[in-house]
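With the hints as constraints, model all of the structure from the sequences given.
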Amino acid sequence: MLGLRVVSLDDQATWQSPDAEPDAAPADARAGAEWLAERLNRNGKAISRLIIDTDGGVCSWVSTSDTSPEVVRALVEQPFDQEDAQGSSRFPELPGETALETLGESSAAHKGDHHNPVRAAVLAVPVVPARLLIDELDRLGIRVGEVEALWHAIAQAWDPAARSSLGGSKAERVIAETTPVTGVVVLDPAGRLVWAWSRAGEALAGGTQRLQTVRTVDAEPDRLERGATRQPIVTEDDLARLGNDWLAWSMQLGVTPTRIVVVGHPSNIDGGLDSAGIGRTLGRIRPDAPIDIVPDDDPIGTTLSQLAGREPCNQSGISELTDRPGRVHRAMYRWSAVALLLAAGAVGVFASRFLRVSDEIETQISELGRDYLGVANENNLNLATASLDLERKIEQLKKNQVDVSSLVVKPRPLLEELEALSFVLASDDLTLREITMSELSITVKVQVAETETYEALSQAILSISGSVVEWRSTVAPRGSNALECTFTGSWPSQEGEN
Amino acid sequence: MSDTQRLSDDERYELALVAAASERRNRPKNLILIPLALFIIASLVLAYAL
Chain A
1 MLGLRVVSLD
11 DQATWQSPDA
21 EPDAAPADAR
31 AGAEWLAERL
41 NRNGKAISRL
51 IIDTDGGVCS
61 WVSTSDTSPE
71 VVRALVEQPF
81 DQEDAQGSSR
91 FPELPGETAL
101 ETLGESSAAH
111 KGDHHNPVRA
121 AVLAVPVVPA
131 RLLIDELDRL
141 GIRVGEVEAL
151 WHAIAQAWDP
161 AARSSLGGSK
171 AERVIAETTP
181 VTGVVVLDPA
191 GRLVWAWSRA
201 GEALAGGTQR
211 LQTVRTVDAE
221 PDRLERGATR
231 QPIVTEDDLA
241 RLGNDWLAWS
251 MQLGVTPTRI
261 VVVGHPSNID
271 GGLDSAGIGR
281 TLGRIRPDAP
291 IDIVPDDDPI
301 GTTLSQLAGR
311 EPCNQSGISE
321 LTDRPGRVHR
331 AMYRWSAVAL
341 LLAAGAVGVF
351 ASRFLRVSDE
361 IETQISELGR
371 DYLGVANENN
381 LNLATASLDL
391 ERKIEQLKKN
401 QVDVSSLVVK
411 PRPLLEELEA
421 LSFVLASDDL
431 TLREITMSEL
441 SITVKVQVAE
451 TETYEALSQA
461 ILSISGSVVE
471 WRSTVAPRGS
481 NALECTFTGS
491 WPSQEGEN
Chain B
499 MSDTQRLSDD
509 ERYELALVAA
519 ASERRNRPKN
529 LILIPLALFI
539 IASLVLAYAL
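Just so you know, the sequences run in chain order A and B.
Read in my numbering, the first sequence has 158 at position 158, and its numbers run on one by one without any break.
Remember, my numbering sits 498 above the position in the second sequence when you count from 1.
Some hints could be false.
Here are the computed distance ranges between Cβ atoms for each label pair [stated by the list, open to error]:
(1) A/Ser305 <-> B/Ala535: 45 to 55 Å
(2) B/Lys527 <-> A/Ser68: 17 to 27 Å
(3) A/Lys45 <-> B/Asp508: 33 to 43 Å
Hint data in this document are derived by calculation from the structure and do not stem from the laboratory.
Beta carbons are placed, not taken as given, at the ideal position from N, Cα and C, and that holds for glycine.
Next comes the structure, spelled out in structure tokens:
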């Protein structure tokens with residue numbers, strides 16, 4: 001690992017590996033991760049996008065009817081016992097060290113007709129340093145979002161259609177449109193030409209060529225060249241090789257760029273073409289395509305800056321690294337195991353309780369069976385029909401049952417009648433001589449002075465509201481000036497009375 | 499980019515092993531298997547009880 005560049009909306013920084021020894025890769029990854037963690041402490045604990053350089057990587061094509069990762073890997077990686085196989089010679093022979101990713105429309109897992117295989121663009125990028133760095137970042141608690149190759153980044157950063165497609169569902173598009181293929185050429189002052197084809201920011205193909213460079217200042221060149229000390233030299237031969245590459249890709253994919261963007265600041269010394277010369281030469285390669293020239297001393301840095309703050313495109317990226325398990329996955333597995341253990345425990349407890357209740361019910365059933373047998377034997381019942389016989393007996397007993405409440409004679413409403421009589425007898429015109437109340441009858445003896453008083457009293461007693469007593473009355477003279485009235489009331493007969 | 503040096507086969511193999519071991523450690527499928535087996539056994543016992 002040579003170094004790291006961190007680009008955010010308001011910050012840029014570069015870290016160079018202190019040790020160029022190849023066996024120091026783990027130590028470099030650790031040191032780089034720690035440097036990154038220190039910088040990220042100011043801006044949060046996550047990297048939205050990790051872009052790995054394509055140096056040593058290859059983008060080529062395979063013919064397959066199934067572009068699932070397993071099939072592509074089987075096609076690309078050479079079997080150990082077939083070292084002379086020709087099919088995978090375009091890819092680096094680094095089994096287990098490269099990430100393979102299909103590009104463009106073939107990146108969606110596609111299972112086609114086995115008789116009509118399709119051409120799928122596949123990039124193979126050595127990812128061992130990236131794996132080490134991601135693991136170290138994960139150890140330090142830094143989350144890494146999308147991991148992409150430089151080709152993905154170039155496609156998203158410079159394709160004009162990628163910017164116009166931003167906004168998702170909120171984008172204001174009035175009419176349907178076809179998305180053109182854009183070819184982006186980045187002239188890296190580190191001495192290489194990196195190109196990518198894209199459609200709406202999605203990389204379709206990519207490639208890299210070596211370029212000569214010229215030193216612009218006397219200082220020693222940086223190992224991570226940022227355009228301060230060198231300039232690339234692009235010759236007609238370099239662009240002819242690029243044209244050949246693009247012609248081959250056009251034949252494989254059936255598309256060709258209709259717009260070209262060149263990013264960089266080439267030097268025109270030693271036979272090199274300046275920006276205008278590059279534009280003229282590319283115009284001969286693709287006569288109909290408009291060409292944009294973006295002069296920039298540090299095209300890689302500007303590419304990264306273009307992507308700062310932008311959401312990664314969902315369809316791009318190196319899935320092996322993006323989906324690389326980390327602490328979050330380990331925690332997820334651990335908690336899943338705990339949840340499964342708890343669920344197993346709960347189900348086990350429930351099952352054991354169920355078994356215990358089931359045993360108790362079986363015991364009760366056997367006890368009931370014994371009781372049934374005993375009752376049947378005691379009553380000389382047939383075992384087969386004992387239950388029915390007992391039920392029939394119970395029904396008969398219920399029918400013969402007498403309602404005891406009907407046998408009890410209700411008490412007479414003595415108090416109510418006495419209260420009613422007290423209202424009638426509360427008069428100064430009469431004298432109460434005697435009142436007798438019993439369960440059998442009521443007798444009231446009253447002395448009055450005049451016959452009219454007797455008649456009025458008799459009428460009042462007979463018309464007492466709510467009274468159940470049937471009254472009879474007799475009157476007899478008492479002395480010369482008084483009458484003795486006798487009222488005899490009898491209770492109505494009740495049920496159960498003879 | 500011209501400063502890159504090629505790793506020996508042994509070193510590359512060792513790095514690949516370290517990366518693979520880290521991936522396996524972060525995806526501990528064995529941790530799930532035992533609780534899953536216990537859950538299946540408990541479910542079978544419950545089904546028998548029902």
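Comparing the hints with the structure gives:
no. : hint                              : in the structure
1   : A/Ser305 <-> B/Ala535: 45 to 55 Å : holds, 53 Å
2   : B/Lys527 <-> A/Ser68: 17 to 27 Å  : holds, 21 Å
3   : A/Lys45 <-> B/Asp508: 33 to 43 Å  : holds, 36 Å
In this structure, every one of the numbered hints holds.
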